[in-house]
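Once you have looked at the hints, place chain B on chain A.
Chains as they are written, first to last, in our numbering: chain A, 1 to 219; chain B, 1 to 245.
In short, the hints are calculated from the structure, not lab data.
Since this is a predicted model, take the numbers as computed values, not measurements.
Each residue gets a CB set at the ideal place from its N, CA and C atoms; glycine is no exception.
There could be a bad hint or two in this list.
A few chain B residues facing chain A, derived, Cβ under 7 angstroms [claimed, not checked]: (1) I61; (2) V162; (3) G180; (4) V199.
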Amino acid sequence: MIDWAWLAGHVDAIAYRTGQHLYLTALGVGIGFAISFVLALAAARYRILYPPISALAGILYTIPSLAIFAALISITGFTVVTAEVPLVMYTLVILVRNIVAGLDGVSDDVLEAANGMGHTRRQRLWRVELPLAVPLIVAGLRLATVSTIGLVTITGTISDAFGGLGYFILDGYHRTFPTEMYAGALPSILLALAVDLLFVRLQRRVTPWAHARALEAAA
Amino acid sequence: VNLVTATVAWLTNPAQWAGQFGIPNRLLEHVVIATISLAIALLIALPAGLAIGHTGRGAAIAAGLANLGRSLPSLAVIAIAIPITVHVDPVLGGTALPTLVAMVVLAIPPILVNAYTGIAEVDRDLIEAGRGMGMRERQILAGIELPVALPVVLGGIRSAAVQIVATATLGAIFGWGGLGRFLVDGIAQRDDGQVFGGVLLVGGLAIATEFAIGLLQRLARSPGLAEDATRPAVEIAPRPAIPGM
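Next up, chain B with everything else stripped away, as it sits in the complex:
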């Protein structure tokens, strides 16, 4: 009960809703850095994943790299980036930049893997039909493979986005802003209201991200391909890893 009243008191305090250190600005910081890093990761991973899926070349290398990237502890990536980014920009290099680097690095593997497996798993007959109709390679990719693989591709973007929102909170440990600030400051000040307010905001943003992209995924799925909710949906990340992958 104490926690609830403290949280409500913190959340309803007007001081929390204004200014540089207020909830709206912290939320904006979080969303902006998440969007920037997702955009950079998409620019790198999506074209590469589509090309690998379409041509079938480089799949083994991409799988190895993606597995390597997935194994990296996010805190370790930030730590390694800091001494380097500080040289690039003495101020941002110690706060926002290393977090941004980690967010991009960790967002690439799921986007890349889902893009190329999604494209590679498209029914060969469909592609042959396209070739028979005289479609060029580029038209086959844009007109057949991408639409069919879209739910899988979006699944990768969804796990990347959720990962990015989580990694952005870690930025607060390294002096950056965002919603993680409330968690780190709340722990340091033993302020339960601030901690739990922060938990609700951070958790809410992550779940909202998951649901928003999940909705896109559902819209992108062909109505003919209904899924069975009582069985693990193999295409949604984290994919049940197939032995040998």
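So that you can see chain A by itself, here it is in the shape it has in the complex:
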């Protein structure tokens, strides 16, 4: 059922598509994080902004990805912009929510202590609030990155030039060639799981106290 000769002849192609998958994911999450960071800081400072930002991001998040890709093809063509705009869009709801929740989680006592030490509002944000929000921010990046890896497979519907590992799924389907479909499906799943595990380790590293507490509870 598996055509091993095809796999052996396409190792380079699979490696190339894996790299493309990671590149499209990193670009989407990177731009998404930059936008979310600004939106979240604004929403945390001016509370009245949070409901509209959250509602708009939530509505965009609801629209199926295939519809967004299809709509953008007519506007931005078969370009990388068409692939990236939806990827960025879907990260917003997760990242804004987690960054704001992270900032909300900083206790009033800590804020008051920072004020007492003579921090300006800006110093307090960068030196106290954001460092304390890092665990929830990393948790948001984890969710956003893993879901973006899934969405990158669908960018293959825009053009053969995109799709990362999803290219093999679509090409394999059109050629009724299961081996190629698996060559896209299994590595894309492994990629998502590997990145998820990577973020779990990163989360542990940024919250050593949670790990210590778990060990204590186990002892």
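For chain B alone, kept in the frame of chain A given last:
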């Protein structure tokens, strides 16, 4: 302007509103497959989630499985299912069945996680009060835990339903019908009117699903527990993931 006129022209064309390939039938296909898959996912995930939440047993395994399920790219799940489902049914196995499998697989994690966290987070004092009143375990689950946790449980069903509507559109890539057909055919035929008509229909259905279940959620929430719209609502999926979960 060109896009708008093309879309209006496509949507108002009477040919689009009749027959097997018309909007009403495509919408019906979409809603039927979504309902079937949501029902199957509920049958699997809801009892399991309620049992885990009530007993506290198996929570770690369920969290691991749910996280695994949430990481799966939907296109990859369909792709893996196809060669298997084709053996089950040569016709449907290449079109509707793999999409249905993916819809069920991807709908289980949010339902399961919200069901057990919702139940597990119910105030222990309420449950003790129920025990003190002589309620049986089953009565505590049905009479106390479920009503209190209902908005959280519905939140999971809501994200599952929205996910299902989105995954159903992907079925069109694999030769199945539903509203995704207009997107895939529209791109292939470079027919902007059809693409944007499809976008409006698919987006509308997803948003309508989100709002309908959101309304149920609001009705299920006790009036005493008002929420603050200016802060992230932690119980509504996608939940801000808590480190270590």
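So, going through the hints one by one against the coordinates:
With 7 angstroms as the threshold, the beta carbon of I61/B stays out of range of chain A, its nearest partner Cβ sitting at about 16 angstroms, so the hint is violated. The criterion of a C-beta within 7 angstroms of any C-beta in chain A is met by V162/B, whose closest approach is roughly 6 angstroms, and the hint holds. The criterion of a C-beta within 7 angstroms of any C-beta in chain A is met by G180/B, whose closest approach is roughly 6 angstroms, and the hint holds. Using the Cβ-Cβ criterion of 7 angstroms, the hint placing V199/B at the interface with chain A is satisfied: the shortest such distance is roughly 5 angstroms.
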